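Protein chains: 2
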Amino acid sequence: MLFTEKIKELRIQNQMPQRQIAAALDIDTATYCKIEKGERKAKKEQVAILSEMFHVEMTDLLTLWLADKVTDMVSDEHVVASEALSMAAENLRRIG
Amino acid sequence: MLFTEKIKELRIQNQMPQRQIAAALDIDTATYCKIEKGERKAKKEQVAILSEMFHVEMTDLLTLWLADKVTDMVSDEHVVASEALSMAAENLRRIG
DNA sequence: CTATCTTTGCCAAATAATGTCAAGACAAAA
DNA sequence: TTTTGTCTTGACATTATTTGGCAAAGATAG
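Protein chains in written order, with my numbering: chain S, 1 to 96; chain L, 97 to 192.
Fair warning: there could be bad hints in the mix.
Not the full set, but computed from the structure, chain S residues with beta-carbon under 7 Å of chain L [claimed, not checked]: (1) LEU25; (2) THR71; (3) ALA81; (4) SER82; (5) ALA84; (6) LEU92.
Far from chain L, by Cβ distances over 12 Å, these chain S residues were calculated [to be verified]: (7) PHE3; (8) GLU9; (9) LEU10; (10) ASN14; (11) GLN15; (12) GLN20; (13) ALA24; (14) ASP26; (15) THR31; (16) CYS33; (17) GLU36; (18) LYS37; (19) LYS44.
Worth flagging that the hints you see were computed from the coordinates, not collected in a lab.
From a predicted model like this one, the values you see are computed outputs, not experimental measurements.
Ideal Cβ placement from N, Cα and C applies to all residues, glycine included.
Generate coordinates for the entire structure from the input sequences, incorporating the hints supplied.
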């Protein structure tokens with residue numbers, strides 16, 4: 001599940017219009033619309049606010065959010081993408 | 097092995113001063129120095145030039161380069177980092 | 001049709017990335 | 001010790017990318 005799909009799902013479940021979410025994030029409705037469609041990336045603080053609004057664990061949303069960012073980054077380089085991900089995981093183990 | 101380590105190793109093996117590499121990349125020596133120390137990220141075109149200079153496969157360097165970028169991105173979020181990497185790998189399989 | 005919600009395109013503001021310059025650190029050679 | 005060449009660092013400039021607002025246009029329900 002993608003971050004963008006998840007926040008839309010949560011918003012619908014809670015029966016909230018984009019306008020309400022946008023207000024909480026202190027941004028324009030149009031901007032939030034773009035976040036939900038993946039045309040803009042949310043900031044970390046915005047993810048925090050979203051997890052509060054929807055009563056879900058911050059780490060859950062944060063994981064999806066980060067995964068989306070990484071996917072976006074590597075999908076420009078499909079040839080080496082998956083190997084690079086493996087290496088990055090390895091790097092994490094070594095460094096922290 | 098990190099990208100930064102690799103290009104330094106290759107440069108030393110070929111007995112080239114940073115000045116020579118910087119000239120080929122059309123940047124200041126100081127900038128190349130930072131790239132080698134990881135304080136600046138190389139652009140993709142620069143990676144291409146480096147692989148030519150050192151006579152190594154472009155994809156080899158590109159993989160290291162991308163892995164470094166990903167590592168850098170996720171290491172800010174160590175709590176969710178490795179799970180996000182798994183998800184990103186999964187996303188790649190699904191999307192492409 | 002009207003009202004509300006959502007989406008899109010274009011431009012402005014803010015932020016981050018990239019590069020330069022000048023000066024300093026360091027080592028080897030003269 | 002002075003010189004020479006290489007590498008490194010920090011402050012600043014430039015450029016590129018990201019983020020946001022505004023206005024107008026779809027879409028959908030009442």
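How the hints compare with the structure:
Because the smallest distance between the Cβ of S:LEU25 and any Cβ of chain L comes to about 20 Å, over 7 Å, the interface hint for this residue is violated. Taking 7 Å as the C-beta cut-off, the interface hint given for S:THR71 holds, the closest approach to chain L being about 4 Å. Hint status for S:ALA81 relative to chain L: holds, with the closest Cβ pair at about 6 Å, below 7 Å. At about 6 Å, the closest approach between the beta carbon of S:SER82 and any beta carbon in chain L falls short of 7 Å, and the interface hint on this residue holds.
Against a cut-off of 7 Å between C-beta atoms, the interface hint on S:ALA84 holds, since the closest Cβ of chain L lies about 4 Å away. Hint on S:LEU92 holds. Least Cβ distance to chain L is approximately 6 Å, under the 7 Å limit. Listed as a non-interface residue, S:PHE3 fails to keep its Cβ farther than 12 Å from every Cβ of chain L; the least gap is roughly 10 Å. At the 12 Å boundary, the C-beta of S:GLU9 stays outside the reach of chain L, the nearest C-beta of that chain being 16 Å off.
Listed as outside the interface, S:LEU10 is consistent with that label: its C-beta sits roughly 17 Å from the nearest C-beta of chain L, beyond the 12 Å cut-off. Residue placement check: S:ASN14 keeps its beta carbon more than 12 Å from all beta carbons of chain L (closest about 23 Å). With a closest Cβ-Cβ approach of about 28 Å to chain L, S:GLN15 is found to remain outside the 12 Å limit, as its non-interface label requires. Residue placement check: S:GLN20 keeps its beta carbon more than 12 Å from all beta carbons of chain L (closest about 27 Å).
With 12 Å as the threshold on Cβ separation, the claim that S:ALA24 sits away from chain L holds: the shortest Cβ distance comes to roughly 22 Å. Distance check on S:ASP26: its Cβ is at least 23 Å (rounded) from any Cβ of chain L, clearing the 12 Å threshold; non-interface status holds. Every beta carbon of chain L lies more than 12 Å from that of S:THR31, the smallest distance being close to 23 Å; the non-interface claim holds. The Cβ of S:CYS33 lies farther than 12 Å from every Cβ of chain L, with a closest approach of about 22 Å, so its non-interface assignment holds.
Every CB of chain L is more than 12 Å from the CB of S:GLU36 (nearest about 18 Å), matching its label as outside the interface. For S:LYS37, the requirement that its beta carbon stay farther than 12 Å from each beta carbon of chain L is met, with the minimum near 16 Å. Not every CB of chain L lies more than 12 Å from the CB of S:LYS44, the least distance being 8 Å, so the non-interface label is violated.
The earlier numbered hints that this structure contradicts are 1, 7 and 19.
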